[in-house]
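**Student:** Now for the letters of each chain:
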Amino acid sequence: GAVVSQHPSRVICKSGTSVKIECRSLDFQATTMFWYRQFPKKSLMLMATSNEGSKATYEQGVEKDKFLINHASLTLSTLTVTSAHPEDSSFYICSARKPGGSVETQYFGPGTRLLVL
Amino acid sequence: GNSVTQMEGPVTLSEEAFLTINCTYTATGYPSLFWYVQYPGEGLQLLLKATKADDKGSNKGFEATYRKETTSFHLEKGSVQVSDSAVYFCALPLDSGAGSYQLTFGKGTKLSVIP
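As you go down the protein sequences, you meet chains A and B in turn.
Numbering-wise, the first sequence is residues 1 to 117 according to this note's numbering.
Numbering-wise, the second sequence is residues 118 to 232 according to this note's numbering.
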């Protein structure tokens, strides 16, 4: 199956700093990537849809200036949490969609655990 | 948009026990339905899917039937193994329209199988 990686897998940062999370599709080109946030005992919440070469589309309630998404190439999307605060601590998951496939042909990264102190 | 309600866990079973994880959905039309599995330290993987009413999706001994009368898609396995320990997510498209590639997920059910 297709492989999607995320880096780092775990990060701890101080309040007020910015953190960048990378999502890479290792063996296919992904025109669309999705960023999710997972809260404890809650479902994955879609944050934004990232399309290569264009601006990301954010879901309602997600601050685009706080969660900066860049999809600079067909194999890489980045999520930058700017001026992080403890309430941003969460598990962030990306998925990458294979072009031409149906809704389920998206492949998930293993997630990044962010802890803001 | 569409939504899904999933049985909350955690669920702990002995090896060879029968598993049921309940999932009900609210949707416009009849979108495809999915179960995803997340093994420890790994990303979500598609476990099975059903694309229309009365379809049964199956994989690795797991089954789920698309029931439009009860708007349900319960996951079952007749005899679980330790290797089935994981978190299971029920999911469907956020929007039933054509070309919709966004998914909405249930809260996830953590399954632990003990020898």
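Calculated from the structure, these hints are not laboratory results.
Treat the hints loosely; a few may be bogus.
[As the list claims (entries may be wrong)] The calculated BS3-like cross-link candidates involving lysine-lysine, where the alpha carbons are at most 30 Å apart (straight line), are:
| id | chain 1 | residue 1 | chain 2 | residue 2 |
| --- | --- | --- | --- | --- |
| 1 | B | Lys227 | A | Lys41 |
| 2 | A | Lys66 | A | Lys55 |
| 3 | B | Lys169 | A | Lys42 |
| 4 | A | Lys14 | B | Lys177 |
[To be verified] Computed footprint of chain A on chain B, listed as stretches where at least three residues anywhere in the stretch have a Cβ under 8 Å from a Cβ of chain A:
| id | segment |
| --- | --- |
| 5 | 140–147 |
| 6 | 158–170 |
| 7 | 181–190 |
Positions of the beta carbon are idealized from the N, C-alpha and C atoms, including for glycine.
**Student:** Next step is simple, just say for each hint if it's right about the structure.
**Tutor:** Quick rundown of the hints versus the structure:
Of the pairs offered as hints, the one joining Lys227 (chain B) and Lys41 (chain A) holds, with about 10 Å between alpha carbons and a cut-off of 30 Å not exceeded. For the hint pairing Lys66 (chain A) with Lys55 (chain A), the CA-to-CA distance comes to about 15 Å; that is within 30 Å, so the pair holds. The straight-line distance between the Cα atoms of Lys169 (chain B) and Lys42 (chain A) is roughly 27 Å, inside the 30 Å bound, and the hint therefore holds. Between the alpha carbons of Lys14 (chain A) and Lys177 (chain B) the distance comes to roughly 43 Å, so the proposed pair goes past 30 Å and is violated.
Only when three residues or more bring their CB closer than 8 Å to a CB of chain A does the claim for the segment 140–147 of chain B stand; here the count is 0, and the claim is violated. Only when three residues or more bring their CB closer than 8 Å to a CB of chain A does the claim for the segment 158–170 of chain B stand; here the count is 7, and the claim holds. Here's how the segment 181–190 of chain B fares: 0 of its residues keep a CB closer than 8 Å to some CB of chain A, so the rule of at least three is not met and the hint is violated.
Checked against the numbered hints above, the structure violates hints 4, 5, 7; every other hint is satisfied.
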